[in-house]
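Chemist: Chain E: place on chain S using the hints.
Protein chains in written order, with my numbering: chain S, 1 to 448; chain E, 1 to 448.
It is worth saying that the hints were derived from the structure and are not from the lab.
Among the clues, some could well be false.
Since the list gives no way to pick out one identical chain from another, each pair is judged satisfied if it fits inside one copy or across any two copies.
[As the list claims (entries may be wrong)] Distance condition first, Cα-Cα at most 20 Å in a straight line; then the derived DMTMM-like pairs of lysine to aspartate or glutamate:
1. Lys-44 with Asp-83
2. Lys-365 with Glu-41
3. Lys-222 with Glu-209
4. Lys-365 with Asp-415
5. Lys-197 with Asp-402
6. Lys-396 with Asp-104
7. Lys-44 with Asp-54
8. Lys-425 with Glu-232
9. Lys-260 with Asp-196
10. Lys-260 with Glu-367
11. Lys-373 with Asp-340
12. Lys-222 with Glu-190
13. Lys-211 with Glu-431
14. Lys-37 with Asp-121
15. Lys-373 with Asp-273
16. Lys-37 with Asp-63
17. Lys-37 with Asp-316
Number of protein chains: 2
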Amino acid sequence: MAGRNYIFETIRDVFARYAYLPIETPAMENLTTLTGKYGEEGDKLLFRILNSGDYLAASGKFDEQGNSLGPLNTAGFTNLICDKGLRYDLTVPFARYVVQHRGDIVFPFKRYQIQPVWRADRPQKGRYREFYQCDVDVIGSNSLLYDAELLQIASEVFSKLSIPVTIRVNHRRILAGIAEYLGSPEKFREMTTAIDKFEKIGADGVNRELKQSGFGDEAIQKLLAVLNVNAEHATEMMHWLEAEVLSGSETGLSGLQELKTVFGYLECQLPADALKTFAFDPALARGLSYYTGTIIEVKANGVGIGSICGGGRYDDLTGVFGMPGVSGTGISFGADRIYDVLNEMKLFPPAIETSARVLVVNFGKQEEAFALKTVSRIREAGIAAEIYPEAGNLKKQFSYADHRKIPLVLIAGPDEISRDHLTLKNMKSGEQIHMHNKDLIAILQKIE
Amino acid sequence: MAGRNYIFETIRDVFARYAYLPIETPAMENLTTLTGKYGEEGDKLLFRILNSGDYLAASGKFDEQGNSLGPLNTAGFTNLICDKGLRYDLTVPFARYVVQHRGDIVFPFKRYQIQPVWRADRPQKGRYREFYQCDVDVIGSNSLLYDAELLQIASEVFSKLSIPVTIRVNHRRILAGIAEYLGSPEKFREMTTAIDKFEKIGADGVNRELKQSGFGDEAIQKLLAVLNVNAEHATEMMHWLEAEVLSGSETGLSGLQELKTVFGYLECQLPADALKTFAFDPALARGLSYYTGTIIEVKANGVGIGSICGGGRYDDLTGVFGMPGVSGTGISFGADRIYDVLNEMKLFPPAIETSARVLVVNFGKQEEAFALKTVSRIREAGIAAEIYPEAGNLKKQFSYADHRKIPLVLIAGPDEISRDHLTLKNMKSGEQIHMHNKDLIAILQKIE
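Here chain S stands alone, though its shape is the one from the complex (with noise of 0.2 Å):
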């Protein structure tokens, strides 16, 4: 929880400055807004609402005496003792809010969401019933700064977490471009559903899938060719793409002069080293048919965790809720997923598992009033701070502060209080510090 809140507070940070506002949903939807927009498989993982009172009789299916008027049918069934859900990903709620307050939102429209899903899939390692996801979208624009602007925050946020990436960048109209290069335009969906599976099933499954898909072996090696060209640069790759592949396509062309027009805002923003972990790689698909333009994902380097961001422009958000022309750009970042990295490569910063950062000691009676306006003026410095509870037996409060992981323990004996000093004691070096009472604060604050 901790390490979660780490994350979406980095997260939420470099949001906010970039001027994208919190949104909410609440949890429960109409189950007509959510079925049908995750497949056959996505609506059986819905989690459905027994409706309140008395769903039976409602349902018309019994009579008065609870007897069955007929066979019952359990998908039928449920449609008529269940009218809500719960969210099973943030995109469709999202489109439902923007298709409901469409009179009040000022366009563009720059969000961002946290907010937990639900899927009924069978627990496993690393698969929950309730997930986190978070989103951030910019609707109602064409500009391409927001494209740029959207890779910019994800690569900001992963440099404030330490995370070592490579953000692959991509068009849809090239992989559509590069559909026509191989001569089978119409193969797009089949072509980029191989493509997609190209790191996990390499050249040779490809070269299966796209055969079965009926590519001829002229058209697998063009394609292949493509996607194990090696370019040190993004630049070098576009001119060779634009040369090479994309000459025959407007429409390849055309996504090829918008990856430019990123990349180029990019360079105005960026330093060099960010630059850096940009690649432009033609063999990125994201086989959602949802998008429509500048695609992007997100690894981390050196670790076998899949993608932990991705996203990319679409032109259809609320359609299928009767507001068609909606178009945006928008990512998602995995906090699960970017748990796990922290966590492999040990880059969770140290102080996140603690709670306290003093424990002020209690000696008793006596020494009560000293410790209380001690310990009240170290948190009004913003230092989170407590007092052990009880007195007496400081062998037990000091194994209380090392099993909360508190570094450090004030320590305001009579001894102290009649010199108004105090001994402060750093429990990972053993080192303790004497100092005079009025200088605790400024000697705090210089303790990393």
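Modeler: Chain E only, in chain S's frame:
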């Protein structure tokens, strides 16, 4: 949402300085954990989650063709098709959590929890099906230092929110002492229930209620005298109670002694103006039989909104889950009511509604690089900023700043850029400041 965040951030900041750790529990609990804990009415208000898969077949009440095997009773059938429910409050999940993690928890355990809860109430003004609760507790210690600490936390939270409050404090054993004084210790519960309604139904109402519960006229007069006593200071009130009311009750005197200790701790730590917000009030009862020691209730002065914070000490958090003797003390902040108070008293800081402090005007291709560098510099200085996403149409850009309540607009047109200058417009005053580019951050930091 921005308002609620402001409240929670203020509260979290105080909790952290007092060394409380945040915990979260899952939204779904087993119904065996939830049912029977909130009374019959509460059980009806629980949201139940339909079991996944073929729940009809699994219920044992239907054959494979979906034919009912006999008449169904709604409540009984519900137990066969729902294993989980949404949490109804934070106390029961916390108790379950403590029992489940008893081996890992280092006592005293100081935790806070800010999460939504769900109740199947008919939606109406001021009552939502999903709302936040915010609980802070210390368990596993009888130390009165914690009773004082929570009172101090309440005082500090409302002071940070600029809400003028009265914090009423009493002790359940003082109430028990009063019941002895009335000659009816066995009617403690009826007495506290009546006292709880004192403010609402007045002396006459309380009189009627007590008569119905079998109190004699003399006892009722004695009680009303206690409820009506008007003492300027807690100390004065305590003296009077000790001498006139509780002298014959060991229980009552021990409660009074505890309260004296708690007030003594507060006097050590709080400035005089904060101390004035506390009132010892024997007419505070907090009906829940749950509480056994100090009880507390906070109201905002000058608005007709009920209690905005309350709680107290309890003896047995987890007995119902088979782990007796876990005592603690805790308070709960009513986020929705605090929101209403801030709203009614116009105490929300103006800045919380805005996303960006600065909007950088977008002049077009030529000026873009300069504008992008500038917006990055502002963000690096920790100030929320954005650039308008499209070039040209200054009127539209200013109107966007207006709509978004962005207080400052930064203009870097061709003229400014050529001289490495900037113009900053204050949207409220209309004032324009011309400055050298290098002075921007210093000037922004000076503007309130």
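Chemist: It remains to establish, for every hint, whether it holds in the given structure.
Modeler: Hint-by-hint comparison with the structure:
1. Lys-44 with Asp-83: both (15 Å within a copy, 17 Å between copies)
2. Lys-365 with Glu-41: neither (65 Å within a copy, 47 Å between copies)
3. Lys-222 with Glu-209: The answer is within: 15 Å in one copy meets 20 Å, while 89 Å across copies does not.
4. Lys-365 with Asp-415: within (15 Å within a copy, 72 Å between copies)
5. Lys-197 with Asp-402: neither (49 Å within a copy, 47 Å between copies)
6. Lys-396 with Asp-104: between (59 Å within a copy, 17 Å between copies)
7. Lys-44 with Asp-54: between (25 Å within a copy, 11 Å between copies)
8. Lys-425 with Glu-232: So Lys-425 and Glu-232 fail the 20 Å test inside a copy (53 Å) and across (44 Å) alike.
9. Lys-260 with Asp-196: neither (23 Å within a copy, 70 Å between copies)
10. Lys-260 with Glu-367: between (69 Å within a copy, 18 Å between copies)
11. Lys-373 with Asp-340: neither (41 Å within a copy, 34 Å between copies)
12. Lys-222 with Glu-190: within (16 Å within a copy, 86 Å between copies)
13. Lys-211 with Glu-431: neither (70 Å within a copy, 68 Å between copies)
14. Lys-37 with Asp-121: Only inside one copy: Lys-37 and Asp-121 sit 17 Å apart there, 29 Å across copies, limit 20 Å.
15. Lys-373 with Asp-273: between (48 Å within a copy, 16 Å between copies)
16. Lys-37 with Asp-63: Neither. Shortest intra-copy (34 Å) and inter-copy (32 Å) distances fail the 20 Å Cα cut-off.
17. Lys-37 with Asp-316: Answer is within: at 14 Å inside a copy they meet the 20 Å cutoff, but 47 Å across does not.
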